[in-house]
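Residue numbers (the working numbering), protein chains in the order written: chain A, 83 to 201; chain B, 83 to 201.
A couple of the hints might just be wrong.
For chains that are exact copies, the list does not tell them apart, and a pair is met inside one copy or across any two.
[To be verified] SDA-like mimics (lysine to any residue), calculated; alpha carbons at most 25 Å apart, straight line:
| no. | residue 1 | residue 2 |
| --- | --- | --- |
| 1 | K195 | A157 |
| 2 | K195 | E147 |
| 3 | K94 | E147 |
| 4 | K94 | D151 |
| 5 | K97 | K187 |
| 6 | K94 | A136 |
| 7 | K97 | F193 |
| 8 | K187 | E158 |
| 9 | K110 | N190 |
| 10 | K188 | L148 |
| 11 | K195 | G115 |
| 12 | K110 | S132 |
| 13 | K97 | H154 |
| 14 | K188 | F100 |
| 15 | K195 | S130 |
| 16 | K95 | F172 |
| 17 | K139 | F100 |
| 18 | K97 | G109 |
| 19 | K110 | Y200 |
Because the hints were derived from the structure by calculation, they are not lab data. For clarity, every value in this text was computed on a predicted model and none was experimentally measured.
There are 2 protein chains.
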Amino acid sequence: MAKKTSGTRTLKKNKLHFNGRIWIDMGKKAFLGYGRIELLEHIQRTGSISKAAAEMKMSYRQAWELIEDMNHTSAEPLVVSQRGGKGGGFALLTPIAREYIKLFKKFNKDFQKFLKSYH
Amino acid sequence: MAKKTSGTRTLKKNKLHFNGRIWIDMGKKAFLGYGRIELLEHIQRTGSISKAAAEMKMSYRQAWELIEDMNHTSAEPLVVSQRGGKGGGFALLTPIAREYIKLFKKFNKDFQKFLKSYH
Numbered sequence: 083m084a085k086k087t088s089g090t091r092t093l094k095k096n097k098l099h100f101n102g103r104i105w106i107d108m109g110k111k112a113f114l115g116y117g118r119i120e121l122l123e124h125i126q127r128t129g130s131i132s133k134a135a136a137e138m139k140m141s142y143r144q145a146w147e148l149i150e151d152m153n154h155t156s157a158e159p160l161v162v163s164q165r166g167g168k169g170g171g172f173a174l175l176t177p178i179a180r181e182y183i184k185l186f187k188k189f190n191k192d193f194q195k196f197l198k199s200y201h
Numbered sequence: 083m084a085k086k087t088s089g090t091r092t093l094k095k096n097k098l099h100f101n102g103r104i105w106i107d108m109g110k111k112a113f114l115g116y117g118r119i120e121l122l123e124h125i126q127r128t129g130s131i132s133k134a135a136a137e138m139k140m141s142y143r144q145a146w147e148l149i150e151d152m153n154h155t156s157a158e159p160l161v162v163s164q165r166g167g168k169g170g171g172f173a174l175l176t177p178i179a180r181e182y183i184k185l186f187k188k189f190n191k192d193f194q195k196f197l198k199s200y201h
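Given the sequences, and given the hints that come with them, work out the whole structure.
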C-alpha cells in the first residue's frame, strides 16, 4: 500500500532545480554580466584583447565593443589597450576593473549559495 | 580640495544596480518562470484561458502551449480546461498548481530580498 504523506507530497521537489542569473547595471545601462566578467579575466590573464576574444570564441570586434561599452558606462576605463605596433598590441586591466571583478564574483558566489539553499 | 577616500572609492556603488532573474526547471526542462506564473494567476482569477491570454497580450494558442508544456513537464496537470460549449469554456487550477505558485513566489520574494541586501 502506498504511503500517504500530507501537504506538498505531490510537488516533485527532488526533481525541481532552482536556477537563475544575475547581472549588474549602472544607472539604467547593462554593465556587468557573466560574459563580460569572463572577458575581463581572459584579458587579465593573456594581456591581449585578440587572445581573450579567441578564447571566448568571439570576434575581436565583438570583444572590443564590449570593452568600449564597459569603459563608457563606467566613466573610468576598465581596460587600457594599444593595438598593433612592433611588439604587438597589449591590453591591461585597471585597478577598478579588478575591483569590479571581485564585486561581481562575491555577488555571484552569494547568489549560488542562495540557490543551493533551495535544494 | 577633493576629499580623498580609500579602497573602493572609485566604484560608483550608488549607481550600481544588482539585478537578476530566477526560474525553476524540472529535470532538465524549463518549468516555471515569471511569465508562466503570471499566466497561472490570470487563469485562477478569470477561470478562462482566453481571458488570461488577452490580459497578458498573448494569443490563445501561445497560452495553450505554455499550459500544455507545464502539464506535461509536471506529469500531474496544473490546469484543467474545457473549451467552448454552450456556457463557454472554463479553466481551473489544480491544487498542485497553487502549491507551485506559492513555492515560486516564496523563491522570488527571497531572491528580491537577496538583491536588496546588495544595495
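Q) When no copy is specified for K97 and H154, does a C-alpha distance of 25 Å or less occur within a copy, between copies, both, or neither? A) Only across copies: K97 and H154 sit 14 Å apart there, 43 Å inside one copy, limit 25 Å.
Q | K94 and A136: within-copy, between-copy, both or neither at 25 Å Cα | A | neither (42 Å within a copy, 31 Å between copies)
Q | Copy assignment of K139 with F100, given that the CA separation must stay at most 25 Å | A | neither (29 Å within a copy, 27 Å between copies)
Q: Check K195 against G115 for me: Cα-Cα at most 25 Å, and say if that holds within a copy, between copies, both or neither.
A: both (18 Å within a copy, 20 Å between copies)
Q. Under a CA distance limit of 25 Å, which applies to K195 and A157: within one copy, between copies, both, or neither?
A. Neither, since 32 Å and 29 Å both go past 25 Å.
Q) Is it within a copy, between copies, both, or neither that the alpha carbon of K97 lies no farther than 25 Å from that of G109? A) between (38 Å within a copy, 5 Å between copies)
Q.
As a check of your reading, is K195 near E147 (CA-CA no more than 25 Å) within one copy, between copies, both or neither?
A. neither (32 Å within a copy, 33 Å between copies)
**Q.** K94 and D151: within-copy, between-copy, both or neither at 25 Å Cα
**A.** between (43 Å within a copy, 16 Å between copies)
Q) Which holds for K110 with S132 at a C-alpha limit of 25 Å: within a copy, between copies, both or neither? A) neither (29 Å within a copy, 35 Å between copies)
Q.
My question is about K188 and F100: at a cut-off of 25 Å on alpha-carbon distance, are they close within one copy, between copies, both, or neither?
A. both (19 Å within a copy, 12 Å between copies)
Q.
If the cut is 25 Å between Cα atoms, do K188 and L148 qualify within a copy, between copies, both or neither?
A. Answer is within; shortest intra-copy Cα gap is 22 Å, inter-copy 35 Å.
Q. With identical chains treated as interchangeable, where does the CA-CA distance between K95 and F172 reach 25 Å or less: within a copy, between copies, both, or neither?
A. For K95 and F172, neither the intra-copy (50 Å) nor the inter-copy (29 Å) Cα distance is at most 25 Å.
Of the hints listed earlier, those the structure fails to meet are numbers 1, 2, 6, 12, 15, 16, 17, in rising order.
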